[in-house]
Amino acid sequence: MPQMTMLEALNDAYHIAMEKDADVVTLGEDIGKKGGVFGTTAGLYDKFGDMRVMDTPLSECGIIGTAVGMALYGLKPVAEIQFLDFIYPGFDQIVSEMAKMRYRSGGEWTCPMVVRSPSGGGIRGGHYHSQSSEAYFAHTPGLRVVMPSTPGDAKGLLLASIFCDDPVIFLEPKALYRHGKADVEEGYYEVSLDEARIAREGNDVTLVSWGAMVPTCEQAADLAQEKGIGVELIDLRSVLPWDAATVIESVKKTGRLVVAQEAPRTCGFASEVSATVAEKAVEYLEAPIGRVSGFDTPFPYTLEHVYKPDKKRVLNAVEYVAGWE
Amino acid sequence: MPQMTMLEALNDAYHIAMEKDADVVTLGEDIGKKGGVFGTTAGLYDKFGDMRVMDTPLSECGIIGTAVGMALYGLKPVAEIQFLDFIYPGFDQIVSEMAKMRYRSGGEWTCPMVVRSPSGGGIRGGHYHSQSSEAYFAHTPGLRVVMPSTPGDAKGLLLASIFCDDPVIFLEPKALYRHGKADVEEGYYEVSLDEARIAREGNDVTLVSWGAMVPTCEQAADLAQEKGIGVELIDLRSVLPWDAATVIESVKKTGRLVVAQEAPRTCGFASEVSATVAEKAVEYLEAPIGRVSGFDTPFPYTLEHVYKPDKKRVLNAVEYVAGWE
Amino acid sequence: MAQATELLTVIDPKGKGKAPAGLDTDDFKAMYRAMLFTRLFDQRGMNLQRQGRIGFFVPSTGQEASQIGAAYAMGQEDVLFPSYRTHSIALLKGISLKRMYDQMWGNDGDAVKGRQMPNHFTFKDINWVSISSPIGTQISQAAGAARAAQIKGDKLAVWAWFGDGGTSSNDFHAGLNFAGVWKSPCIFMCENNHWAISVPQEMQTASHSFAAKAVAYGMPGMRVDGNDVFAVYEASRQARERALNGDGPTLIENLTFRMGPHSSSDDPKRYQPPELFESWQKKDPIERFQQWLAAEGIWTEAWEDKLRTEIMGEIAEAVEAAESTPQPEIETIFTDVYAEMPTLLKDQLEGLKEQIRRDGDIEDTGGAFPL
Amino acid sequence: MAQATELLTVIDPKGKGKAPAGLDTDDFKAMYRAMLFTRLFDQRGMNLQRQGRIGFFVPSTGQEASQIGAAYAMGQEDVLFPSYRTHSIALLKGISLKRMYDQMWGNDGDAVKGRQMPNHFTFKDINWVSISSPIGTQISQAAGAARAAQIKGDKLAVWAWFGDGGTSSNDFHAGLNFAGVWKSPCIFMCENNHWAISVPQEMQTASHSFAAKAVAYGMPGMRVDGNDVFAVYEASRQARERALNGDGPTLIENLTFRMGPHSSSDDPKRYQPPELFESWQKKDPIERFQQWLAAEGIWTEAWEDKLRTEIMGEIAEAVEAAESTPQPEIETIFTDVYAEMPTLLKDQLEGLKEQIRRDGDIEDTGGAFPL
Ligand SMILES: Cc1ncc(C[n+]2csc(CCOP(=O)(O)OP(=O)(O)O)c2C)c(N)n1
Ligand SMILES: Cc1ncc(C[n+]2csc(CCOP(=O)(O)OP(=O)(O)O)c2C)c(N)n1
Ligand SMILES: [Mg+2]
Ligand SMILES: [Mg+2]
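Chains as they are written, first to last, in my numbering: chain A, 1 to 325; chain B, 1 to 325; chain C, 1 to 371; chain D, 1 to 371.
Any given hint could be a false lead.
[Claimed, not checked] Which stretches of chain C does chain D cover? Using the computed rule of at least three CB atoms under 8 Å from a CB of chain D, they are:
#, region
1, 175–183
2, 203–216
[Claimed, not checked] Residues on chain A that point at chain C, a partial pick, calculated with CB under 7 Å:
#, residue
3, THR66
4, ARG102
5, TYR103
Quick caveat, the hints were computed from the structure, so don't treat them as lab data.
Idealized CB from N, CA, C, for every residue including glycine.
Produce the entire structure from the sequences given, and follow the hints as far as they go.
Structure representation (structure tokens):
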């Protein structure tokens, strides 16, 4: 099997999707000749031309609004937002239009489309190139919100998203773009948008995460293992709709739960995971539900490494919860 | 003491604030001669003129963006968004600018301003005139997010918001605008933006809510009382920053918690309340943490009354949690 | 590129003028009928709302020529992004009144399954895209759909409808800018009816006209007498021709007047100078067209009476049918959120059914729309 | 209202032309010094980034006349909403290099306390509003600040700076529209440097110029040779006069060229035709002004050498001071979120301190900016 970085895997998925189906088009800022500021769309412009790979004026409102129109017309547009922090000029089109089109038209009109965007910290980009905003989208019924954490998942989830009948917000953890290579299957395949991945099994503490935090959680799980704590790590892959059943199953086994996200804590998605367990499986809980998260502040520049939850912060939470009696 | 509806109380607060301080100005769609579609700004245009009471072009982006500029210049603008559902064209100015200005400028520049908007259901407005979107704002550090549930609080909280140094999202439960009259103190007073209100004391179940759901919760508490269940009802008043201490204190006493919101469940603010308690006071819990909420769907028109959580739905959750062993 | 700042007019205020080429008596009759139908539909709609039988209504009184003139220039394959005030187009295109009233009652027959307020139609069979409440959002979508047609090589035009207020929206700027750069076959129809609820056009923009805004996007802008059905038809026809020839988008401003309230919840007396209203009442688009038709010997009182009786009969029948159709099932709260209902929603639906089994039907405590 | 479509030029490509009234030799020297300072600051900035000493840099090479010409027309009381590419204005206004480098190092002396990337300055003492990364947001804010000045009766102008790309933003449309309606004393400075990262101006809009967009907002639009410092000064001066006279806003387009990469992370070779670059290199704004100054006997090689030595010395000193200043304290992550730190943040800060007490300092795993 070929080895790829997440960026290469995403680029591979893009090429496959556009070859497979002429209705797949892509649009965004600097995605044409430049191939995207991270290179995710490299090679597409040369291969598919400017009718299917469209550099746009500087307007996220226009990118998403026109993509909605394309989807209504019958195309399968993939819109790139250069950084997730810049998605807000197009937020209205997402929450009022894309998410509600099927519902408000009684199923007559649908928006099978993807808005993909690099998300999270890791590139020393200060607070306008680093935020993790999945919670805004996770509170918006009608959307699917997907975040891969491995190259193989990234490819299979992006393909599944492009060919899905629902609108998808596809958030790419930019810190993992070049995090290392891993096996990626050749050719077309999908990874289910509805199933979490049990990244590692364990009996003592359930650790739930998604996107960029998953590798950090893996490191924390290694450290915990050294201390004799068996961590069951669940990578949600999708935060809306999300696979609560897998989490609840695990908590029934371990009795202990930590949820880790990079986003600020208050009203982040970790709170949803916690609240769901506190509602559905409280009787299995033997300890408080730990949350690890960014702080409730904007994202800083110089002290990015202090802000972002690291393996030690995750480990501390795991140890705290594991040690609770 | 005079008796006022919430609308009258808000209008009273507006008049008082604008008389007290010439730097208070207000802007929005139809707030001038028409006095607002709900009448919240009635009489202001005639009294304070078109330099301080400004009808604007149809652009929420412009309303909030120019208000940020006014605040930077030294005014205290109060921007009206006609319905909360229409705030998204201005979302970028809120999350990227208003919320982060103080932080990103190291405290040199600040945005003491209010964005006020009618929120929630109750007027048969379908899904674009009914949503409760406080969770988006509650996940945005730097903002204060306030929601009154009584006429007296509405006035005191609005005055406190206008004269506060932080930017405030002030959400008015439109279902309560004309819900009935209550005592409202005359003249200028503030209600703290940092303190929850214990709306009623009780020993069996803690019920936490805010905004439009508070009267519904009161009715549910009455029904519970008839069944011998003593409900302690906490009205949060602010959901960011919020008064977690009061909630935790109460849960330590009752051991049982239900949180009720009108918004869709997933990643709503109720999840934050639940997760905080599951983290900080799990050892006091004798039952699952119940959440009552809107469904995870857009807001419907004809079946609004089925969608919106009513007193019975709250009562059921209270009974369930109270009866848990 | 012509930037017409003068007003395009065909029928003068006295009802004189030469019909555009290509239209014959049947067309004139169909246009008049649709305009009259719209006027009567609007009167009935406002009444139904006043009687508390529907929750809300948006009339288009005064704008019938502006809408029917353009709609008559549309091709069948064209795609339409309407506004909440353009139901006249559905009437012209022969959408059944039952479908329209079902939507307004939000009943079990409603295509949108009771999820939207009255006037928020969807008619996929005539390429009528679902209407949204947020102002402007359909403008950038139309630009995107027009781009999609280009990509697919389809020969058609995409029409975006909006008001003077809509020109201030983010999506107006984005939509026209993208369409300009892409040279997409998109027609941007701005009905300048002088008001955005209570905000007058001169507080909407300092631009000397809305049509002038086309300059900013490198497309032609046309300013049209919106109470003259032939002028609107002619401008629209030209714009469509340009679109189909690959010459790109056009912005059309129809200068007209909202002769009623913004909606059933509004009272213009609070903000509108009565003289302004009166001056426009004299320019009623239906009367103007009637005069022209009468001069041509097409319009007669007998015909008018026949039309009115016919239309009122159709309306009465459809109203009765819609009113006696039951509410949608509670399942409709949960369907169509996703292509397939996810577990979470299945559970919530089950919970709701359980509540109703235990506590009985949920009380409808009402609520009246203020806007 | 004049809608100038011709290009306003004062100094011709040969360096000939008549200086605007009101400027004397000291002014010319100050302008030239600021332009040269900017060029050297930019070269040093790019080097510092290449050496890994700062994380990011945005040069303004090629745009020195466009920026200094306008900045020279500002009044001291004017309010400035700058862009990330206009640090030249701070250099002109005498902001100390130490303050600028502290920001770029994000160190303990940084006014923004290490919270923003390099080039995102705030200088309240010169009414320089905090710079944002999101494109366009400052444009509507400037319109609002200008309105506030009107409301307070203050006589001044508010300046909003943005690029060709910025004209496509929501806030451009809203800001110019509101300012037009309010007739606010706002000057909208569009630096058309031909590129929005890799997107060329002709893919940004189909409008024949950016200045032409002023028509849509009922304000004058001026198209100015942005490599001619006197032309820019003159246009800006006129716009400011209009603003102070109560005649409302102006849109100015400075036609110029980005002679370097978008930022330290960009490589224009991937998208820019080399001929285009070369043709603009010949129009270098500093060389053009130098020629004029030389012809007037003001510029000499000796003076140039002196200036360069002086500036490079200042830079070296400030770089060293900034580089040896420590990082901000970890408390700075939590302060300035609110006027007073709420309990939640106090708790989070305590938790962080506790972690560091237990586990030691948190490792800086780095990360390089791609854009
Ligand atoms: C984004 C947004 N803001 C506010 C509203 C409330 N609103 C509904 S209609 C309207 C006025 C629209 O005016 P115009 O665009 O001229 O259309 P008209 O109603 O005159 O046909 C307003 C402000 C809305 N629907 N959407
Ligand atoms: C809303 C938003 N979208 C995208 C970006 C990423 N971005 C940064 S600079 C830039 C190009 C800006 O071009 P222009 O406005 O012409 O200014 P210039 O850089 O040429 O001075 C882009 C797309 C951003 N900062 N903000
Ligand atoms: Mg209108
Ligand atoms: Mg540029």
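Each hint, compared with the structure:
With 4 residues carrying a beta carbon less than 8 Å from a beta carbon of chain D, the region 175–183 of chain C meets the three-residue requirement, and the given coverage holds. Residues of the region 203–216 of chain C lying with their CB closer than 8 Å to a CB of chain D number 10, which satisfies the three-residue condition for coverage. For the restraint placing A:THR66 at the interface with chain C, the shortest Cβ-Cβ distance is roughly 3 Å, inside the 7 Å limit, so the hint holds. Hint status for A:ARG102 relative to chain C: holds, with the closest Cβ pair at about 5 Å, below 7 Å.
Proximity of A:TYR103 to chain C holds as hinted, the smallest CB-CB distance being about 5 Å (cut-off 7 Å).
Going down the numbered hints, you'll see the structure goes against none, and every one checks out.
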